[in-house]
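The lines below spell out each chain.
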Amino acid sequence: MSTQDKTSSQLFNRKLIVPALKDAVVKLHPAKLIQNPIIFIVGLGAVLTTGIVVANLFAGHFSSFDFQITVWLWFTVLFANFSEAIAEGRGKAQAETLKKSRTQTKARRMKGDKEEVVWATELTRGNLVVCETGDVIPADGDVIEGIASVDESAITGESAPVIRESGGDRCAVTGGTKVLSDKIIIKVTSEPGDTFLDRMIALVEGAKRKKTPNEIALNNLLLGLTAIFLIAVITLPSLFNYNLAGQQSTLSLTILVALLVCLIPTTIGGLLSAIGISGMDRLLQKNVIATSGKAVEAAGDVDVLMLDKTGTITLGNRMATDFIPADTISQEALADAAQLASLADETPEGRSVVILAKEKFHLRERHIHESDMTFVPFTAQSRMSGVDIRLPNGKIRSIRKGATDAIRKFVQNNNGFFPQSVSDKVVELSGQGATPLVVADGDQVLGVIHLKDIVKGGIKHRFAQLRAMGIKTVMVTGDNPLTAAAIAAEAGVDDFIAEAKPEDKLSRIRQEQANGHLVGMIGDGTNDAPALAQADIGIAMNSGTQAAREAGNMVDLDSNPTKLIEVVETGKQLLMTRGSLTTFSIANDVSKYFAIIPAIAAGLYAGANGQGVLSALNIMHLATPQSAILSAVIFNALIIVLLIPLALKGVKYRPLSSNRILAKNLLVYGLGGLVVPFIGIKLIDIVLQLLHCV
Amino acid sequence: MSTFIQLALFLGALILLTPVLGKYMKQVISGENHILTPVLGWLERSIYRVCGIDPQEDMNWKKYLASLLWFNFFGFVIVFALQLTQAWLPFNPAKVPNTSWHLALNTAISFVTNTNWQSYSGESTMSYLTQMAALGVQNFLSAATGLAVLIALMKGLIKNTKQQLGNFWVDLTRSVIYILLPLSIVFALILVGQGVVQTFSSYTDTTTLEGVKQVIPLGPAASQIAIKQLGTNGGGFFGVNSAHPFENPTPFSNFLEMLAILLIPAALTYTYGLFIGSKKQGWTLFGAMLIILCVGLGVSLYAEYAANPALHIAGSMEGKETRFGIVNSIIWSTSTTVASNGSVNAMHDSLSPLAGLVAMFNMMLGEVVFGGVGSGLYGMIAFVILTVFIAGLMVGRTPEYLGKKIESFEVRMALIAVLAPAVCILAFTAIAVSAHAGLAGLNNKGPHGLSEILYAFTSACANNGSAFAGLTTNTPFYNVLLSICMLVGRFGVIIPMMAIAGSMAGKKVTPVSSGTFHTDNGMFLILLIGVIIIVGGLTFFPALSLGPILEHLLMQAGMTF
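Here the protein sequences come in this chain order: L and D.
Counting with my numbering, you get residues 2 to 695 for the letters of the first sequence.
Counting with my numbering, you get residues -19 to 541 for the letters of the second sequence.
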């Protein structure tokens, strides 16, 4: 999908616009239109005025005003449809790529000891299938035997192959991905037609899109407002005719329809579903798939984030950051010995020691004859590793690095002693949350390597932003409380759970929820599944197990734990966009009243110049009543188109406190909503006059 | 200058009394011990004993609402029946006859719904028994009903996950005996001291200076005036209400009566703040109300003092009592229309068009600016919920009020509460101006006539009860239509608000954080006013343009009606 990013990052391109225009027309079908009741009412109005225009034509006269109103009413409907179509279109483009990987594949199903070749669609839950190098994995499942590298680029867009192996947390494979090497046996976990890929396609296409709770509530509000405006418009003629006292009414049906359409919240009504779809779409751009729009919305409400320490807050592994020599030993000598002891150590910690020595003292990896070196690997019993070097004089130099106790035993066995100063240093480092690694050469303790969890750059700032937004962060780690506290302080999280077991996570989530919080977490392992299911937002990593992916309500295709924060931001942005455009839409009504009411009532008690006293309400000084009404209708239609980019991109989001966000949005969309249409309608009126439209 | 002194005195007294009475009402409502417990506690307990009420019973919203509706229905039946039989019953020295069925219907609904719309003139239509046992009693009970709804709503909004909202009978009893009764007794005594009549003797005949015989109606007025002002009822003892010298004899009685209109509704905002545990929330609502009140006062005073170009005089005294003058007439007309009271000390029909517009607009907002006893605040909370929903989304969270999430159901109910009266006003006005029966009772032509009809329906729907006059409404057509308006205006709000109380009661409370949408600061106050004006008021812009605004502009052009 990374290739997709480039094309879809442009909001509009021809590939999207042309089908969307077509869709906008297709969506005129009443059965489809009624799903958006407000736009449906506009459609009814357009049908009505079309009828008037046609009836007048048959009667032999043509009203240019009626005709133009009618045209713009139809445009209003089409623009609203277009906004939805273009939002869906972006999803559809992504779905197409996914569909390509769903091409019909064959599977090697195991039947007892034998294999049979069947179509992938015939596989059912519980079947065992064999996949070898070059095979496309036919269905979702768990690896139950073997290990393989798998190309998951079809789903994740990430070209680097990933390892999938039986047992553990990396056993899940997805149908449509490709085995690059080795052989695995997979237990199918999905029914045909309901694979992860199928569901993803459905979600991306928006086929299963249901209105979210907040969307329903907002729809209720908009419908209520529509109902009251409907009454206001329906009752208008009788109030109007009363004042006429028998004069010929100038209040035509077309004008009433125009007034109604201008008053009902068409702007937000037209853009509402586009906002919802594009919210999910924006997540997709970030390679996160939400199982429902509801989940995206809930993400905005999350106020407690449970974050795993490793990978989210700290870089994956501990790193050597310092060499602290014992008395009488130079730092360089310690670094040299430490590097020697780590040469064969392929763990990230070991490599970091080699690198640190190189960086600090320009110590190169030496070329000691391999035959002269015997590496001593780490074992759970010895709890140290190192190297034995045969010196030219035949003596053996034993360098070891390891836990304090193990090294103490090692030097004592060599008739050495463990210096007090080193002991003190070890205690001090532990207190800081670091891991001290002691290095010894034969009977001599050389010093301590300072191994440290490296907190990711910028994460502290990120947490500060979250705190400003009112979101609490809880770090979850298997470390002891001392280490955990030190890292928590360094990263700036609000709270931590040390020595966490999976059930601790679950009970913490329950406890937070009982206190009224909404909790978001990200996880991958099978033992994360209950917590993922319990959390209000559970994001499963795509690299995780099938159980985890089933339990969460979002899947992060990049398997990047930091995503959780972005997901929350996207959710907030979605709600903010909705609220801002609603405010804008409702505030717009003020100006429309001032455009239309003087226009329709201008004739009342008219003086010699044909201007009634109510012309005083024409504060915009619109040229003629017709031009005033037409301008309002045109503005009402155009504003939908102009706001489509905003609906798709979402309002600008910055992590600030609610008061500042509100002040900002209120200024832009509330005050803007009051002022902009006054200017817009006046401008359109001027243009109409220049073009002699009315 | 004296205008501002009088305004400042009035508003100052209101602001000072708000926390005092507010705190006391909080104690009463939550059943704490207060100053009157030792004095009247026995009365409360014996009422429960006699009526067989179990004060410990905790009701859910449906049970609470059902009790309320039944109670109001029986109240209606009694008032209805008394009017139809008053000729045969005692305490009828003036020998007034039974009323017509439609007047009885209208009056019964009017007093049960705390509207006190009067299609009749009190002294010539109702016996002392009807005035006291039917109308006077309902003055207390309808106000207490409004309080009970507010109490239930407050219990639903506070941090509490149980579904129950308390006991309707307990809330009702306490409201009457600890709040309404003592306040009105004190107030009635002061009024008598100022010269308001309080007697059971019959009307007296005198000969005027011109030698004409005149009947001077009397009656037990002071007691009823006290509660009609305090309980935002507004139904006068005499036809011309508090413009009558026996109802409102002196400038001091006038000052007190004006203050009494807003006293309880204003103090309830403080009670609310205390009850939900944040005085700031209460003051925010108070502030929003005060601002709208002041703007209305300003516009009305400006309109009254401005010259009428047709008459070349500034400051029209037509329809106003010289005892009170323009300022006090305007403070009254504004207070009585914001507060769902409906009593008058000047004829609103004679207000300048814009002052009439303000009076009407106040009612169209749904009587949420202080509003009726209880009903003003629960109506305001409907607007608060809508504001929280519209604006709350802008901070990027599902909107919540007092930590409880506002969802589809609450939005729907709040909308019904806000819009049901509005729909009624517009629909019935349209019917009335289109129907022969509707135009028959009209005294004035042109936009002023439209204002008169619009005012009548607005007043009924808002449960205000003040009349623009100039429109004869004691006809089957108006009596029935206005009855429907009053019912919708009352129960069309009570029922959805009780439903909100019920659904909010069970909700979890999200702790406050810096991401929370705050409902207790200046920004929310502005937002709330914006939503009240745009959602609650803008709907009426076309109707108002064709009525008072048109009339105002015509007046500027030298044309009057």
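Source of the hints: derived by calculation from the structure; they are not laboratory data.
Take these hints with a grain of salt, some might be off.
[Stated by the list, open to error] Listed below are the simulated SDA-like cross-link pairs for lysine to any residue, each with C-alpha atoms no more than 20 angstroms apart in a straight line:
#1 Lys179/L x Ser253/L
#2 Lys488/D x Ser616/L
#3 Lys410/L x Gln445/L
#4 Lys100/L x Val131/L
#5 Lys43/D x Ser26/D
#6 Lys665/L x Lys139/D
#7 Lys359/L x Lys410/L
#8 Lys461/L x Asn318/L
#9 Lys93/L x Gly168/L
#10 Lys139/D x Arg319/L
#11 Lys295/L x Met503/D
#12 Lys212/L x Ser388/D
#13 Lys488/D x Gly471/L
#14 Lys295/L x Ser388/D
#15 Lys683/L x Leu639/L
#16 Lys665/L x Ser483/D
#17 Lys488/D x Gln514/L
#18 Lys683/L x Ser616/L
#19 Lys461/L x Met503/D
#20 Lys653/L x Thr496/D
#21 Lys665/L x Thr496/D
Comparing the hints with the structure gives:
For the hint linking Lys179/L to Ser253/L, the alpha-carbon distance of about 67 angstroms lies beyond 20 angstroms, and the restraint is violated. A hinted pair counts as satisfied when its Cα atoms are at most 20 angstroms apart, and Lys488/D with Ser616/L does not qualify at roughly 53 angstroms. For the suggested pair Lys410/L and Gln445/L, the alpha carbons sit about 12 angstroms apart, so the restraint of at most 20 angstroms is met. Note on Lys100/L and Val131/L: the hinted pairing is violated, with a Cα-Cα distance of about 23 angstroms set against a maximum of 20 angstroms.
The straight-line distance between the Cα atoms of Lys43/D and Ser26/D is roughly 23 angstroms, outside the 20 angstroms bound, and the hint therefore fails. For the hint pairing Lys665/L with Lys139/D, the CA-to-CA distance comes to about 31 angstroms; that exceeds 20 angstroms, so the pair is violated. Distance hint between Lys359/L and Lys410/L is unfulfilled; the C-alpha atoms sit about 29 angstroms from each other, more than 20 angstroms. Annotation: proposed proximity of Lys461/L to Asn318/L holds, straight-line Cα distance about 18 angstroms (limit 20 angstroms).
Straight-line distance between C-alpha atoms of Lys93/L and Gly168/L comes to about 36 angstroms, which puts the hinted pair past the 20 angstroms bound. Under the criterion of a C-alpha separation no larger than 20 angstroms, the hint pairing Lys139/D with Arg319/L is inconsistent with the structure, at around 46 angstroms. Among the hinted pairs, Lys295/L with Met503/D is inconsistent with the structure: their alpha-carbon atoms are about 29 angstroms apart, more than 20 angstroms. Only pairs whose Cα atoms come within 20 angstroms are accepted, and Lys212/L paired with Ser388/D is accepted, the gap being roughly 12 angstroms.
Of the pairs offered as hints, the one joining Lys488/D and Gly471/L holds, with about 18 angstroms between alpha carbons and a cut-off of 20 angstroms not exceeded. Under the criterion of a C-alpha separation no larger than 20 angstroms, the hint pairing Lys295/L with Ser388/D is consistent with the structure, at around 14 angstroms. Distance restraint check for Lys683/L and Leu639/L: the Cα-Cα separation of roughly 14 angstroms lies within the 20 angstroms cut-off, and the hinted pair is therefore satisfied. Distance hint between Lys665/L and Ser483/D is unfulfilled; the C-alpha atoms sit about 32 angstroms from each other, more than 20 angstroms.
A threshold of 20 angstroms between alpha carbons decides the hint, and for Lys488/D with Gln514/L the separation of about 9 angstroms falls inside it, so the pair holds. Taken as a hint, the Lys683/L and Ser616/L pair is honoured in the structure, with Cα atoms around 16 angstroms apart against an allowance of 20 angstroms. Between Lys461/L and Met503/D the CA atoms are separated by roughly 31 angstroms; this puts the pair beyond 20 angstroms, and the hint is violated. At most 20 angstroms may separate the alpha-carbon atoms for a hinted pair to count; Lys653/L and Thr496/D meet this at roughly 19 angstroms.
Taken as a hint, the Lys665/L and Thr496/D pair is honoured in the structure, with Cα atoms around 15 angstroms apart against an allowance of 20 angstroms.
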